[in-house]
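Undergrad: Going down the list, the sequences are from chains A and B.
Heads up: the first sequence runs through residues 658 to 1196, numbered per this note's numbering.
Heads up: the second sequence runs through residues 35 to 316, numbered per this note's numbering.
Bear in mind the hints are in silico, worked out from the structure with no lab data behind them.
Keep in mind that this is a model prediction, so the values were computed, not measured.
It is possible that some hints are incorrect.
Stated by the list, open to error - Quick list of in silico lysine to aspartate or glutamate cross-link-like pairs, EDC-like style, CA-CA up to 20 angstroms:
hint, chain 1, residue 1, chain 2, residue 2
1, A, Lys799, A, Asp742
2, A, Lys1074, B, Asp119
3, A, Lys799, A, Asp810
4, B, Lys132, B, Asp144
5, A, Lys1074, B, Asp122
6, A, Lys799, A, Asp878
7, B, Lys81, B, Asp119
8, A, Lys1190, B, Glu208
9, A, Lys1074, B, Glu238
10, A, Lys828, A, Glu1157
11, A, Lys1074, B, Glu168
12, A, Lys1074, B, Asp144
13, A, Lys1074, B, Glu147
14, B, Lys132, B, Asp119
15, A, Lys749, A, Asp760
16, B, Lys132, B, Asp70
17, B, Lys164, B, Glu201
18, B, Lys180, B, Glu230
19, B, Lys288, B, Asp75
20, B, Lys164, A, Glu1075
21, B, Lys158, A, Glu1075
22, B, Lys164, B, Glu208
23, B, Lys203, B, Glu190
24, B, Lys180, B, Glu168
25, A, Lys828, A, Glu843
26, A, Lys917, A, Glu867
27, B, Lys127, B, Asp144
As the list claims (entries may be wrong) - From chain A, some residues computed to sit far from chain B (all C-beta separations above 12 angstroms):
hint, residue
28, Phe675
29, Ala753
30, Leu761
31, Ala870
32, Leu879
33, Met916
34, Ala1160
Stated by the list, open to error - Quick look at which bits of chain B chain A covers, simulated, 3 or more residues with Cβ under 8 angstroms:
hint, segment
35, 111-123
36, 142-151
37, 155-163
38, 170-182
39, 224-232
By construction, the Cβ of each residue, glycine as well, lies at the ideal position given by its N, Cα and C atoms.
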Amino acid sequence: MPPESSTTPAVDSTVRSFRIQKERTRILGLTWDECIQGFFGGNAFVAVIVLGLITFFLFREGSSFFTQNRDNLTIYRQAGLEYVDFGRQQEKDHAALSRYLSDLRLRTLRHYTDQEGLPAKEAQARLAEFDRFADRFSSASKPLRSLLSDLGDVAVDIKARHQNNLNFAEKRRQLLAAGKTAEAAEVELVPIDYAGEVAAITATLPDFAEASATFAKTLEDLIATPPALPAPELTERLTRFQALTRDYLAGFPATLEAMKAWDPARPVPLAQSFTAFVFGRQWLTASFWQDWYGVMPLIAGSLLVSLIALALAVPLGVGAAVYVNQLASPTEQRLIKPSIEFISAIPSVVLGFFGIAVLGEFLRVASGWSFLAWVPGFPFAERLNALTAGCLLGLIAVPTIFTLAEDAINNVPRAFKEASYALGASRLQTIIRIIVPASLSGIVSAILLGLGRVIGETMVVLLCAGNRIAIPDFTAGLGVVTQPVHTMTGIIAQEMGEVEPGAIHYRALFVVGLLLFFIALLLNFFAQKIVRKYKVSIG
Amino acid sequence: METSSPASAAPVTRSLATPSKASEGRDGAPEPTLIDIRALDFYYGAKQALFDINLAIPDRRVTAFIGPSGCGKSTLLRCLNRMNDLIDGTAVKRGEVKIRDVDIYGPSVDPIELRKRVGMVFQKSNPFPKSIYENIIYGLRIQGVKSKTKLDEVVERSLRGAALWDEVKDRLHESGLGLSGGQQQRLCIARTIAVEPEVILMDEPCSALDPIATAKVEELIHELKKQFTIIIVTHSMQQAARCSDRTAFFYMGKLIEFDETHNIFMNPKNPQTEAYVSGRFG
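Model the full structure from these sequences, guided by the hints.
TA: Following this line, the structure appears as structure tokens:
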């Protein structure tokens, strides 16, 4: 027994003891504090995990697209479709020339009726010589056309049987997986002798060469004796037509060479499957001939619409931000800020609906007003086009750009502004020379995030952009904005519902989604990077 | 000019030698008044910040405004170049401020023109996030001066005037934010003298600086008063004693006493002034 316990009273010893041990409640071995910490931490990491999962699934669904597309391109070659397409291209170019002629006929007719005031019948009669010329020009390709049509039938037949075999193979695989071995054995694949059957197509090369030569001769003779036209402007067009036809004919030997050199057995490299997607100029699905998955028209459409949107939203958003932060009275601030921020609360489908019913119609009518005739692309007949969609997207981007740009401007230290005023600068000079440059990186990142918002927007473009899958004709200059386009987001929303899961089309849509995902990721990355740099520079 | 270490003591000695008659300068010649403030009442919204201020600030001298926080000295300073206009709800309700006999609150006065003649240096150095060169010529740029030779000349003259030339002449095109605190403040002074104002207002210019940088700025003030009229607001009574010729003591929005600096510190007439300068309150 220690001596002190005997000398001091018991009460005193309890008071002086230093008790810091405590039994804590534990749930699954964790204390209450740790549970709460785990809960918050878990919530915080959900975002990271979800982002990872999204990336993973996009990759998983999309990655086999490129091998499937290679198969798609391989059968295009093996079945001889590629070979026949050489000839078909020649035929298509000829059809384009024929269209040039019919356009010329229309102009000439208009000349007769409007300029010379002839009655319609008389005008038609005067065109008789031109019509004979045009008819002979367009019917010259008939022998060539029938030959190509026969070849095409053969090629399509080979491809169809190939497709059947693929379906049978799939069926057999499913039966085997279900354990029905006997039934699986019954599913028979019909072997196809690709090389032999395609040889039948390539064997017609001399026939094609001959038909092509006759065709060329006919056209040459024809354009040597063009019909007379009543106005120099029209004759000029006819001369242009002659030149175009000569260029067209000059391309014949090259086509023949390409057909001679063509080899159905040449393998399609995987890289070609990739380039055919990224640089492909056609997005053509469910075609009897050949499906093409080229994303170019969609990228061009998305970019065009986004640029129109930014062209509107940047001045509006940044201008409003400067005004509200630097110039507006408190009353104006109370009115403007919530109004702009409310725009972002409007459901985009409502905006799209507004675009179809009001804005699209208004723009179409406005484009017909004579005092607006100087605007490139005006007048236009399509109510739904890139301009309509771009205007609405611009509206959607304004709140994003406004809010972030206003934040950036607000972060410019007041001291800069005071220093500028103290040196005798006016308000405008202070804004232009000090406030905007100091907040420029913030404004740029606001614009980038606005662009991200616009590129990802789906409903408005689906409803208002016109959904024509073709690369807009940029030769029209600024008038290109009035053409209907299709976008990356729009195509996914439109086609995803009707594709068969696992098919190449389905995969292609996933790859488009992946592309969108990366564009958004990049834009956000750069926006954040710029903002970080800007914070450092202000100190 | 005094060298840097005795700089703190020398001005006091000199001002002590100055005759006490308010109307005469240190050489005994009469001092012309540059800024004449009469019966000024100033309000922040409904709250009156300055009460009936009457003050005649002499030309090409250093005048110091001292007083405890919230006494209105900075407010009065900002009245002199109308910087208060930038704050909503401020107003001069009564009285007038005349510089060279022109009422600066008159209806035809453009505050922008006024600020070109009455420059200001702030408490916290605030160079623009631009190069040193661009900082100096900002005032000229906004006046539309384009000539490269003229701008180069102004940059060198202003930097020399602010005793900064030798330190920065090799890096004129680097950011002004890369300078030390004291250098930044002298850059701000150089930027102000580049537009050749008549008056330089300094709002506690040394309160964020270390003693060495403070000494350099004070030295600079002595140089500058040959060309400019300087009004300096300061919390440091030593600073007021060291660099100013006249000192005005404010308390609760009122001007309590205005006199030769040595009189304020050695022989104050008002008991409140005496209590403040001897450190008994404030």
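Undergrad: Which of the listed hints are not met by the structure?
TA: none
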